[in-house]
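*Asks:* Please build the complete structure, drawing on both the sequences and the hints.
There are 2 protein chains.
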Amino acid sequence: MLNTNWFTEIFEQSGSAFSLQIKGKLFEQQTAYQKIEIFDTTHFGKLMVIDGCVMLSSRDNFIYHEMMAHPALLSCTAAKEVLIIGGGDCGTLKEVLKHHTVEHVTQVDIDEGVTRAAEIYFPELCSANTDPRATLLFDDGIAWIKNKAPESVDVIIVDSTDPVGPAQGLFTQEFFSDCYKALNQGGIVIQQSGSPLLTPNEMVEMRQAMRAAGFVSLQSYQFPQCVYPSGWWSATAGGKNINLSEAANSISDKLSFDTQFYSVAGHHGAMVLPPYLEKLLNEN
Amino acid sequence: MLNTNWFTEIFEQSGSAFSLQIKGKLFEQQTAYQKIEIFDTTHFGKLMVIDGCVMLSSRDNFIYHEMMAHPALLSCTAAKEVLIIGGGDCGTLKEVLKHHTVEHVTQVDIDEGVTRAAEIYFPELCSANTDPRATLLFDDGIAWIKNKAPESVDVIIVDSTDPVGPAQGLFTQEFFSDCYKALNQGGIVIQQSGSPLLTPNEMVEMRQAMRAAGFVSLQSYQFPQCVYPSGWWSATAGGKNINLSEAANSISDKLSFDTQFYSVAGHHGAMVLPPYLEKLLNEN
Chain A
1 MLNTNWFTEI
11 FEQSGSAFSL
21 QIKGKLFEQQ
31 TAYQKIEIFD
41 TTHFGKLMVI
51 DGCVMLSSRD
61 NFIYHEMMAH
71 PALLSCTAAK
81 EVLIIGGGDC
91 GTLKEVLKHH
101 TVEHVTQVDI
111 DEGVTRAAEI
121 YFPELCSANT
131 DPRATLLFDD
141 GIAWIKNKAP
151 ESVDVIIVDS
161 TDPVGPAQGL
171 FTQEFFSDCY
181 KALNQGGIVI
191 QQSGSPLLTP
201 NEMVEMRQAM
211 RAAGFVSLQS
221 YQFPQCVYPS
231 GWWSATAGGK
241 NINLSEAANS
251 ISDKLSFDTQ
261 FYSVAGHHGA
271 MVLPPYLEKL
281 LNEN
Chain B
1 MLNTNWFTEI
11 FEQSGSAFSL
21 QIKGKLFEQQ
31 TAYQKIEIFD
41 TTHFGKLMVI
51 DGCVMLSSRD
61 NFIYHEMMAH
71 PALLSCTAAK
81 EVLIIGGGDC
91 GTLKEVLKHH
101 TVEHVTQVDI
111 DEGVTRAAEI
121 YFPELCSANT
131 DPRATLLFDD
141 GIAWIKNKAP
151 ESVDVIIVDS
161 TDPVGPAQGL
171 FTQEFFSDCY
181 KALNQGGIVI
191 QQSGSPLLTP
201 NEMVEMRQAM
211 RAAGFVSLQS
221 YQFPQCVYPS
231 GWWSATAGGK
241 NINLSEAANS
251 ISDKLSFDTQ
261 FYSVAGHHGA
271 MVLPPYLEKL
281 LNEN
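These protein sequence lines are chains A and B, in that order.
Note that the numbering used here has the first sequence beginning at 1, numbered continuously upward.
Note that the numbering used here has the second sequence beginning at 1, numbered continuously upward.
Any given hint could turn out to be false.
It does not matter which identical chain is meant; a pair holds if it fits inside one copy or across any two.
[What the hints assert, rightly or not] When the alpha-carbon atoms are kept at most 25 Å apart in a straight line, the in silico DSS-like pairs for lysine-lysine are as follows:
1) 25 to 35
2) 254 to 279
3) 279 to 98
4) 181 to 279
5) 148 to 181
6) 80 to 98
7) 80 to 35
Worth flagging that the hints you see were computed from the coordinates, not collected in a lab.
*Replies:* Right under this line is the structure:
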């Protein structure tokens with residue numbers, strides 16, 4: 001039924017699959033870490049795939065990138081120093097740099113190949129890469145953060161692939177302990193935490209790991225993301241001596257920059273989890 | 001890549017497709033109106049497909065059914081008389097009957113075959129069909145509502161397939177005019193209005209049709225729905241001499257029944273549309 005003009009990602013653990021119709025493959029590279037592919041789709045613009053898993057499309061990445069950047073940055077009293085681990089496509093970086101409070105962003109992605117491919121095929125996401133406030137490093141973020149000076153970062157955004165392969169270490173208590181140490185008082189870490197429908201246990205496990213690492217205030221956010229399994233996604237944040245719920249309520253609803261998906265009211269809406277999920281998270 | 005053990009629905013107009021892995025087909029019937037198929041899936045329970053389009057799965061239908069029923073019913077001061085047009089799987093009916101205010105529900109679905117199949121394969125959705133407050137009719141809802149006494153219904157829920165084939169007439173100004181006439185003062189009509197990402201113009205057109213039919217207060221709601229195109233769906237409501245936004249704010253957050261997805265806070269969150277969509281709807 002779906003011929004070779006389609007790219008299909010099968011989600012084995014949920015017996016579901018998502019496909020996009022393609023005009024052709026624009027790019028393929030096996031780096032030292034992973035296989036990067038870029039497709040030209042008929043209706044979703046460019047599509048980046050890593051090791052067979054959809055990373056982003058031109059059409060709907062704005063949702064994910066805005067939700068990874070703005071809730072955490074706006075909840076922080078004054079986010080000056082930001083660290084992005086992963087995020088090689090630079091879409092999150094671009095959103096972070098929209099914040100005037102931000103004085104410096106360091107992005108640490110293990111694979112330079114992702115950023116070089118994004119510069120060619122997703123130039124709109126890389127438009128802020130030359131911002132003097134940005135430093136792009138290509139290094140192992142898990143090792144890198146261990147050497148980060150204590151209390152030297154305001155927000156850490158972990159914009160990674162799912163917890164398999166090289167990203168696995170980004171979902172552990174040890175990693176979140178290193179984040180906790182590196183964060184200033186009032187600092188926030190946020191990480192993508194999977195589908196609320198298909199993999200709610202990923203959210204449970206991430207919250208357990210964050211809690212064990214010292215984060216007392218936890219907040220998960222849910223939002224649509226068409227190209228990811230189930231079309232519904234989440235991010236989970238941990239606050240270091242900051243109450244994330246109270247912080248969200250004190251955000252001014254006047255933003256100093258344009259957004260397509262994010263709004264302060266939508267931020268509050270994203271914090272409301274359905275009762276079945278609330279129950280699961282509270283019990284674990 | 002996807003062999004015959006998968007059911008795939010292709011969304012031509014967005015160049016995307018969604019697939020579920022199946023164990024087998026349990027049922028197939030060509031009725032006078034449409035082809036009904038029921039599959040047994042590996043991870044989503046039973047799957048109902050009409051004319052090749054996914055209607056619902058056991059696993060995630062609770063989201064759609066709760067969002068079609070509760071926001072409208074709770075926004076209405078006292079929803080006593082409810083009309084469901086379509087809704088043959090009876091999932092919406094079951095949610096409606098959870099409301100103690102409801103004295104009577106009439107469900108008018110054109111195709112008895114859908115309800116008979118649901119009774120066998122989705123018995124959990126049909127558990128309230130024998131409620132003495134429920135009347136199930138198998139008739140053409142578009143014609144039926146023309147003969148409904150003026151000001152005799154509090155809430156009309158249009159739980160239909162997409163605007164193609166027999167359901168097309170459920171998306172017109174003429175139909176919404178008939179709904180307006182049948183509604184009591186303070187009454188509400190709600191109808192599914194497609195994907196906010198892929199078909200926002202369906203929302204625009206529905207709102208235009210509702211407005212032209214006399215509805216002054218319009219409110220769209222967005223929510224996840226894994227098995228529908230993009231995994232993100234919407235419903236749009238029109239109020240007859242009721243402000244839907246104010247009505248939502250006056251709902252008590254103490255519900256008298258259990259829900260899996262719906263909460264009053266989530267209802268408010270579902271009313272927040274992303275800026276790109278807000279802009280599109282405001283301009284049209």
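*Asks:* Give a verdict on every hint.
*Replies:* Now the hints, each set against the structure:
1. 25 to 35: within (13 Å within a copy, 37 Å between copies)
2. 254 to 279: Only across copies: residue 254 and residue 279 sit 16 Å apart there, 33 Å inside one copy, limit 25 Å.
3. 279 to 98: between (36 Å within a copy, 21 Å between copies)
4. 181 to 279: For residue 181 and residue 279, neither the intra-copy (30 Å) nor the inter-copy (42 Å) Cα distance is at most 25 Å.
5. 148 to 181: Classified as within; 9 Å inside a copy, 67 Å across copies.
6. 80 to 98: within (12 Å within a copy, 50 Å between copies)
7. 80 to 35: neither (34 Å within a copy, 59 Å between copies)
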